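With the hints as constraints, model all of the structure from the sequences given.
Chains as they are written, first to last, in my numbering: chain A, 381 to 1451; chain B, 47 to 289.
Just so you know, not all the hints are guaranteed correct.
Unchecked claim - Label-pair ranges, simulated between beta-carbon atoms:
no., chain 1, residue 1, chain 2, residue 2, range
1, B, V287, A, D758, 50 to 56 Å
2, A, T867, B, G185, 53 to 59 Å
3, A, E527, B, Q87, 33 to 39 Å
4, B, A275, A, Q443, 46 to 52 Å
What the hints assert, rightly or not - Taking lysine-lysine pairs in the DSS-like style, the calculated list, with each CA pair at most 25 Å apart, reads:
no., chain 1, residue 1, chain 2, residue 2
5, B, K242, B, K196
6, B, K270, A, K472
7, B, K147, A, K1257
8, A, K1194, B, K177
9, A, K1257, B, K97
10, B, K263, A, K1347
11, B, K97, A, K467
12, A, K467, B, K258
13, A, K472, A, K410
14, A, K1257, A, K1142
15, A, K1347, B, K148
16, B, K224, A, K489
17, A, K489, B, K180
18, B, K97, A, K1203
19, A, K458, B, K177
20, A, K1226, B, K270
21, A, K1431, B, K97
22, B, K242, A, K1259
23, B, K258, A, K472
24, A, K410, A, K1226
25, A, K1259, A, K472
26, B, K177, B, K147
27, B, K270, A, K1431
28, A, K467, A, K512
29, A, K458, B, K258
30, B, K242, A, K1194
31, A, K1259, B, K97
What the hints assert, rightly or not - Which bits of chain B does chain A cover? Going by a derived footprint, with three or more residues having C-beta under 8 Å, they are:
no., stretch
32, 84 to 91
33, 138 to 147
34, 277 to 283
What the hints contain is simulated information worked out from the structure, not anything from laboratory work. These figures come from a predicted structure and were not determined experimentally. For every residue, glycine included, the Cβ atom is placed at its ideal position computed from N, Cα and C.
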Amino acid sequence: MKINSMGCFAALALGLIFTSTASAQTPSVKVDSETISGLGARNIGSATMSGRVAAIDAVQEGQRLTVYIGAASGGVWKSVNGGSTFKPVFDKQPVQSIGAITIDPKNPKTIWVGTGESWMRNSVSIGDGVYKSTDGGENWTNMGLKESEHITKILVDPTSTNTVYVCAPGKLWSDSDERGLYKTTDGGNSWTKILKGPNASTGCGMISMDRQNPQTIYASMWDFRRKGWTFRSGGDSPQAFSGSGFFKSTNGGATWTELDEKSAKGLPAKPWGRIAVTVAPSKPNVVYAFIEAEQPQNGLYRSDDNGKTWTALDRSQNMLWRPFYFANLIVDPKDENKIYKPDGPLIASNDGGQSFSNISGGAHGDFHDVWIDPNNTDHLITGDDGGVWYSYDGGNRWWKAENLPISQFYHVSVDMDMPYHVYGGLQDNSSWVGDSQFPGGITNDRWENMYGGDGFWMFADPSDPDYLYAESQGGYIGRVNRKTHETRGIQPLPQYKEGKLRFNWNTPIHISPTQDGTIYLGGQFLFRSRDHGQTWDRISPDLTTNDPEKQKQEQSGGVGVDNSSAEMHTTIFSICESPKNPNLIWAGTDDGNLQITRDGGKTWKNVVGNIKGLPKNAWVTSIDAGHFDEGTAYATFDLHTFGDMRPYVYKTSDYGQTWMPLISPGGAAAVKPVRGYAHVVKEDLVNKDLLFVGTELGLWVSLDGGKQWAQYTGGNLPQVAVRDLAIHPRDRDLVIATHGRGIWIIDDITPLRLLTAETLRKEAAFIEARPTVQRLPAGGGWVNGDASFTGDNPTDEAVITYYQQKRHIFGDLKIEVLDQDGKLLSTVPSSKRRGLNRATWSMRLKAPRVPTAASAAFSASTGPRVLPGTYTVRMIKDKNVYTTQLQVVADPRSKHTPEDRKAQFDLAMTLYNLLGDMTFAVDRINGVRLELEARAAELPANDPLAKRLRAAAAHVDELRRKIVATKEGGAITGEERLRENLADLYGSVTGYEGRPAQTQFERSDAIARELGDVVKDFDAWLTKEMPGINSGLSAKKLPPITALTRAEWEKISSQRGSTPRDSPARERDQQ
Amino acid sequence: MRRVLVSIATLTLFAMPASAQTVDEIISHYIKTIGGMEKIQAVSTLRRRGKFTGGGGFEAVVLQENKRGRSVREEFSLQGMTGIDAYDGKTGWKIEPWNGKKDPESLGEEEMKSILEDSDFDGPLVNYKQKGNKVEFVGMDQFEGTDTFKLKVTIANGDVYFYYLDTDYYVPIKIDTKRLIRGAEREYETALGDYKEVAGWYLPHSIETNTKGSQDKSKVVYDKIEANAPIDDGRFRVPVVAK
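Next up, the structure:
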């Protein structure tokens, strides 16, 4: 049996599978994640702004420090070298929001992760329970509490590995049962709720354990609720009395004592909100609690008698600020009087909590966790909204982690520069412009901060490339000079007695797709400016429900007040002008209205009522007006602020009169695997059936107008929140804004545009891609060490895309590239995966033949890059042959004319051929030399002929030494001969694809002449000496020596396999 | 070969549920699929010739010679120069001639680990117990959308591989390698493909390797693998350099 039979058999097996599942109609082709993910994706970061870190744990393993970082929405990162390098270890898991990380004190390979951050800001993501790894984070198992959504803390009993406590505050946006303090004694196989709140909105706020007596546990319970328009931390809910409280158990949670004003002297009066608690590890009778209470009783409390009595201590601003976001206390492992409180700043006390100092130094701010090295308590690791920071002097100074690309983008846009730039704003990390590619890679310093505050929408000004628009929270839009950074605030302001304009935390800015210079901004009204924000027209009435009950932000906060504009509601949240008609504008609101105008804003119609099955008041998170039909639009709706985490995506084809669900709960749509509340939908710019949806849990693609959806995981894109998408209209890239893992780019989505059902049914097929640009050869960047992130560039090579229905395992899968004359240029390694594949061709000819010398000439180790043109690609898969054409074009940035490029290629080929001539000359000389030496060796040492042969060999070798460097030993000899000169010249000519310098042309001629001189000398010597030598050999019955001819050399050279010999002449003679 | 085809047919159509799979069953299927133990054992030397493709059009000719008894020689040739890594069962050595130094040197720690792995003539799964390797069935996994059995292989020196065997044919399509170097794990990923028959033994002819997480891949495609070609033991021994 030949291997091809295996292919036939595979087809047979596949046929059987189809038969069993197909209906009577044409079998539908399954499009799953791997069908499409072979296009890959690259993460361009950045780690310079990094992102919010919710939890940290670390452990000394031998002499080295292992660190785990829990990103608020970017997974778990592990370092085994104290932070020099990190790798993401949670990427295969279905959620990426991390609330807690705890290393088992007895076993450093057992790691517990609580998913779902518990620093309950408006943009907080969700988790799905507790995970455990027993192999240092390589593999994870979900151990339950899947409905908890958020987890604050996990404690492992230091005396009993299988006893674990999980503090779950529970759902933020809705009532739920799975919240409170849970305990397992069987390593997570079963859980018991050991502390429960009195109502469905109270969960566990924080826990701490007396590590010297792990039966003693302190826990806080927190009654909280966030809504789109308000937040309550503590206090009573409309339905029930507050469940916030403070508890202690001395029997591992079997029974609890409530600590309050009555039972524990010194504690403040209720109502309470969130409480942080921690036991001093070195002296566990000392317990600290920060209590969110009514002023002036809120603040830090300390007990020196195991919680019996308490003393009120610090209540400085930074102790009290925003308890829902900062409710963590960390005591030095050796000194019970040294305490750290993560808050806006990181504050620390050295006097047992009497006073605190701001020790934030140069770190970002908004701290959430601190790890203190128990062996060296000056060594701290902290995490804040800007990533991870290290201190080696007890928090006096901080060293930034530059290797955690966990940045939390809200939105992304692109410009038309070449290469294009990427624009976007981030949670608490301003608004940035980054390179989509850069020679040497997209290092952290290829990103430039352009604004301040939290960042959201950001755009280049299409009417003036020197400017861009950015904003901070609450609609503080600015127009920024990209070069000088001069910034002008251009937010529309209230009119006479109008009170406050309502701008969302994440206020929509929209750039007109049809009119350069026209921008839109959404408050409760839709604003339009055509003069860079100098004037704004209100082109709508209040488009929201204007519900006064949702406009009481000054009452937001619960026990305390927190009115940051994060709860600003009844606002416009999404805007989209039709690319087909500038008078057709869509606007969606955060309170459930979807409005359309078809007359440039004169009249508006709310069409949300036409969407059957959509619950009321959903946030209209995105609208994408159709690029092909004016009446078409797509919209995503988000109900997660009502506790509904499911995606809703709808389409209209008639200006909003009727809507079709593309993704919605229930019915046929229920089988669609899309998970997570929906943030964004985009219709492709070329193929109207190609749709993209970003949800809180990933990126999803449909090739058939929304009937089937598949999650995109190419390039190891994790199942992270995808907040926004941009399709580059020229480069055909999909740019993905993740909230937790930075920006990702799928280079060239043409294959997705062309992947038809017909193609999917084929065993294999080429898929067209964009023309291949020969990017200008260029170098950049510099060594940054191992501790710095660098984003990947797109490949410099030509991308060959193909589809196969099944992974190729047996037999050849070859890809060949041929030139215009059908000559084989290269065979390139193929990709074997199921679904879409990408192989690459360097666009270079084979490397020139280079004479063997003392050292390798790496400047001549690759061939010249071919000229732009059309090349043929041939794929041989078993017996089947597929062909396609590959368009190769010059870099549009190139200033070189085609004639310049041709001149460069021609000179490169002249040098390439000259290197070949030189190799022949050296091989020819060497061949004679080695034969002379070999014949001499067959004669007695004193034989006169032997002496003559050796002398001849030495003479010939002198000629060789004129061509190639021969000093060996590995030192920097600086020895340059014609070969070294020629290889360098070749390297410089192939490294620059414009017209070569005159001196290079002249140098080429000069080297050719000098080589010719040596060859002439050798030929003259052959003529003069060889007849006599061969007569002498003949007399001794030894074979004559003849120099290699070019034809012989070419033959041997082309046959040279994997073991080149010293002497092609000998190879010839042995054939 | 009919026997192999039949066995593959059986595996494909009547594959047992994953939970019923044991390490020995999976490895036994694997060995059957690739030709059977007899065929494997009948091979005493392998000589693989092919092409290395790096980034940017860099290519080189590669040769790997293996001889039972843990001898291996790997060559990398460019511009008439040949770099060599070799191991004769006792000593690992190399010649890196690129900058003019052409005498043999000792292999460094990581190179030594790598060549020791390469010296395992038929791979760590075949006769794994005799070799002192520990193999565990980790579970089902996917590699690039293809269902696989994931096996954890711990070799005698403590280094670990994860083998991903395609569930239709039971052949490895991916190997994750973890080597402990100076106390730190170095992780690599290797994709295998183009299995073709050599003396009755199906061997991968396409091998792609990268540092885990990196997009830079080293790709080797063998155009010829010879079995049982005579290979002199001297090819594996450290060359004696005249002083």
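Structure-based check of all given hints:
A C-beta distance of roughly 53 Å is found between V287 (chain B) and D758 (chain A), which places it inside the suggested range of 50 to 56 Å. Range check, T867 (chain A) to G185 (chain B): Cβ separation about 55 Å, and the 53 to 59 Å hint holds. Between E527 (chain A) and Q87 (chain B) the Cβ separation comes to about 56 Å, which falls outside the hinted range of 33 to 39 Å. Restraint check, A275 (chain B) to Q443 (chain A): a C-beta distance of roughly 48 Å satisfies the suggested window 46 to 52 Å.
For the suggested pair K242 (chain B) and K196 (chain B), the alpha carbons sit about 22 Å apart, so the restraint of at most 25 Å is met. Note on K270 (chain B) and K472 (chain A): the hinted pairing is violated, with a Cα-Cα distance of about 38 Å set against a maximum of 25 Å. For the hint linking K147 (chain B) to K1257 (chain A), the alpha-carbon distance of about 43 Å lies beyond 25 Å, and the restraint is violated. With a C-alpha separation of about 35 Å, the suggested pairing of K1194 (chain A) with K177 (chain B) is violated against the 25 Å cut-off.
Of the supplied pair hints, the one linking K1257 (chain A) and K97 (chain B) holds, its CA atoms being roughly 19 Å apart against a limit of 25 Å. For the suggested pair K263 (chain B) and K1347 (chain A), the alpha carbons sit about 34 Å apart, so the restraint of at most 25 Å is broken. A hinted pair counts as satisfied when its Cα atoms are at most 25 Å apart, and K97 (chain B) with K467 (chain A) does not qualify at roughly 32 Å. This hinted pair checks out: K467 (chain A) and K258 (chain B) have alpha carbons roughly 10 Å apart, not beyond 25 Å.
Simply put, K472 (chain A) and K410 (chain A) have alpha-carbon atoms about 22 Å apart, close enough for the 25 Å limit, and the pair holds. Distance restraint check for K1257 (chain A) and K1142 (chain A): the Cα-Cα separation of roughly 13 Å lies within the 25 Å cut-off, and the hinted pair is therefore satisfied. Restraint check: the Cα-Cα separation between K1347 (chain A) and K148 (chain B) comes to about 11 Å, which is no more than 25 Å; the hinted pair holds. Our distance criterion of 25 Å between C-alpha atoms is met by K224 (chain B) and K489 (chain A), whose separation comes to about 16 Å.
Between K489 (chain A) and K180 (chain B), the direct Cα distance comes to roughly 20 Å. Compliance with the 25 Å bound is thereby established for this hinted pair. A distance of roughly 19 Å separates the Cα atoms of K97 (chain B) and K1203 (chain A); the hinted pair therefore holds under the 25 Å criterion. The suggested pairing of K458 (chain A) with K177 (chain B) is violated, with an alpha-carbon distance near 33 Å, which exceeds 25 Å. A hinted pair counts as satisfied when its Cα atoms are at most 25 Å apart, and K1226 (chain A) with K270 (chain B) qualifies at roughly 20 Å.
Distance restraint check for K1431 (chain A) and K97 (chain B): the Cα-Cα separation of roughly 20 Å lies within the 25 Å cut-off, and the hinted pair is therefore satisfied. In summary, the hint linking K242 (chain B) to K1259 (chain A) is supported, as the alpha carbons are separated by about 14 Å, within the 25 Å threshold. As the CA atoms of K258 (chain B) and K472 (chain A) are separated by approximately 15 Å, the hinted pair is consistent with the 25 Å bound. For the given pair, K410 (chain A) sits about 41 Å from K1226 (chain A) by alpha-carbon distance, which is inconsistent with the 25 Å threshold.
The suggested pairing of K1259 (chain A) with K472 (chain A) is violated, with an alpha-carbon distance near 37 Å, which exceeds 25 Å. Using a Cα cut-off of 25 Å, the hinted pair K177 (chain B) and K147 (chain B) is violated, with the two alpha carbons roughly 36 Å apart. A distance of roughly 20 Å separates the Cα atoms of K270 (chain B) and K1431 (chain A); the hinted pair therefore holds under the 25 Å criterion. About 18 Å separates the Cα atoms of K467 (chain A) and K512 (chain A), which keeps this hinted pair within 25 Å; it holds.
Between K458 (chain A) and K258 (chain B) the alpha-carbon distance is near 14 Å, which keeps this suggested pair within the 25 Å criterion. For the proposed pair K242 (chain B) and K1194 (chain A), the alpha carbon gap of about 13 Å is at most 25 Å, so the pair holds. A distance of roughly 22 Å separates the Cα atoms of K1259 (chain A) and K97 (chain B); the hinted pair therefore holds under the 25 Å criterion. Look at the stretch 84 to 91 of chain B against chain A: 0 of its residues bring a Cβ nearer than 8 Å to a Cβ of that chain, fewer than three, so the hint is violated.
With 5 residues carrying a beta carbon less than 8 Å from a beta carbon of chain A, the stretch 138 to 147 of chain B meets the three-residue requirement, and the given coverage holds. Only residues whose beta carbon comes within less than 8 Å of a beta carbon in chain A count, and the stretch 277 to 283 of chain B has 0; fewer than three means the coverage is violated.
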